[in-house]
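Colleague: What follows is the residue order along each chain.
Number of protein chains: 2
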Amino acid sequence: MASTAVDVKELPAAYVFVADMPGLTHADIKVQVENDNVLKISGERKRDEFVTDTEIKYVRVERSAGKFMRKFNLPANANLDNITAACQDGLLTIIVPKHPPPDVNRPRTFDVPVGSASLSNQ
Amino acid sequence: MASTAVDVKELPAAYVFVADMPGLTHADIKVQVENDNVLKISGERKRDEFVTDTEIKYVRVERSAGKFMRKFNLPANANLDNITAACQDGLLTIIVPKHPPPDVNRPRTFDVPVGSASLSNQ
Chain P
21 MASTAVDVKE LPAAYVFVAD MPGLTHADIK VQVENDNVLK ISGERKRDEF
71 VTDTEIKYVR VERSAGKFMR KFNLPANANL DNITAACQDG LLTIIVPKHP
121 PPDVNRPRTF DVPVGSASLS NQ
Chain Y
21 MASTAVDVKE LPAAYVFVAD MPGLTHADIK VQVENDNVLK ISGERKRDEF
71 VTDTEIKYVR VERSAGKFMR KFNLPANANL DNITAACQDG LLTIIVPKHP
121 PPDVNRPRTF DVPVGSASLS NQ
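Same order as they appear, the protein sequences are chains P and Y.
Positions 21 to 142 (the working numbering) are the ones given, in order, by the first sequence.
Positions 21 to 142 (the working numbering) are the ones given, in order, by the second sequence.
Wrong hints could be hidden among the right ones.
Since the list can't tell identical chains apart, any single copy or any two copies may satisfy a pair.
[Stated by the list, open to error] Taking lysine-lysine and the DSSO-like style, the derived pairs with C-alpha atoms no more than 27 angstroms apart in a straight line are:
#, residue 1, residue 2
1, Lys77, Lys118
2, Lys60, Lys50
3, Lys91, Lys77
4, Lys91, Lys60
5, Lys66, Lys50
For the record, the hints were derived by calculation from the structure and aren't laboratory data.
Since we're looking at a predicted model, the values are computed, not measured.
With the hints as extra help, turn the sequences into a complete structure.
Modeller: What follows is the structure, given as structure tokens:
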């Protein structure tokens with residue numbers, strides 16, 4: 021299982037997931053939504069063979085390799101229909117927009133007309 | 021200090037260094053040879069700001085960020101004049117060719133002429 025570091029940021033209008041994917045392109049990565057509330061990122065990081073030469077001797081092995089999978093619970097206000105994902109320079113960025121908050125609880129500000137007549141005249 | 025995993029492979033004609041550099045391009049990375057025998061890889065991994073919005077709240081921070089530096093001793097047969105480095109998809113690959121081994125120690129195979137006269141005739 022390859023390690024895959026992920027940052028999660030909350031913006032006013034979206035949640036942003038940023039994952040390290042060194043050596044991978046968009047074709048190597050799968051992004052899915054499960055059960056309407058789980059964001060799943062999966063794929064496989066292969067130890068790249070620079071050449072097909074059989075005479076390769078590994079002097080040092082530090083890079084993580086193998087299959088990887090990460091899951092994140094999505095908040096109730098996540099807009100699942102407009103999720104976008106892009107991979108560039110080995111960095112996967114997933115943007116999950118938020119649904120706007122319901123209007124019913126929004127504090128209202130409005131003008132009350134002021135008439136010239138006094139209230140006692142009515 | 022950001023963590024930077026590096027694999028080192030030995031091939032028949034070269035040493036190959038492969039380093040994870042997610043989110044970085046060649047402009048962000050410095051590769052140097054020090055004192056004719058040390059390969060130095062350095063740079064800085066910044067926590068990318070997806071937007072310049074000040075209202076960013078980090079929900080999860082796993083990705084490594086900050087300056088990084090790695091040094092590797094190069095073997096005596098490294099050909100320092102022909103080192104090449106390239107960065108693609110967040111993966112830095114440095115190729116250090118080997119000098120060919122000196123000929124003096126190479127086992128020799130050659131013909132000794134066989135004359136028709138016997139040695140006792142000389």
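Colleague: With reference to the structure, classify each hint as holding or not holding.
Modeller: Checked hints:
1. Lys77 x Lys118: Intra 50 angstroms, inter 14 angstroms, cutoff 27 angstroms: inter-copy only.
2. Lys60 x Lys50: Result: close within a single copy only, 8 angstroms intra versus 35 angstroms inter.
3. Lys91 x Lys77: between (35 angstroms within a copy, 20 angstroms between copies)
4. Lys91 x Lys60: Close inside one copy (5 angstroms), not across copies (37 angstroms); limit 27 angstroms.
5. Lys66 x Lys50: both (15 angstroms within a copy, 25 angstroms between copies)
In summary, this structure violates none of the numbered hints.
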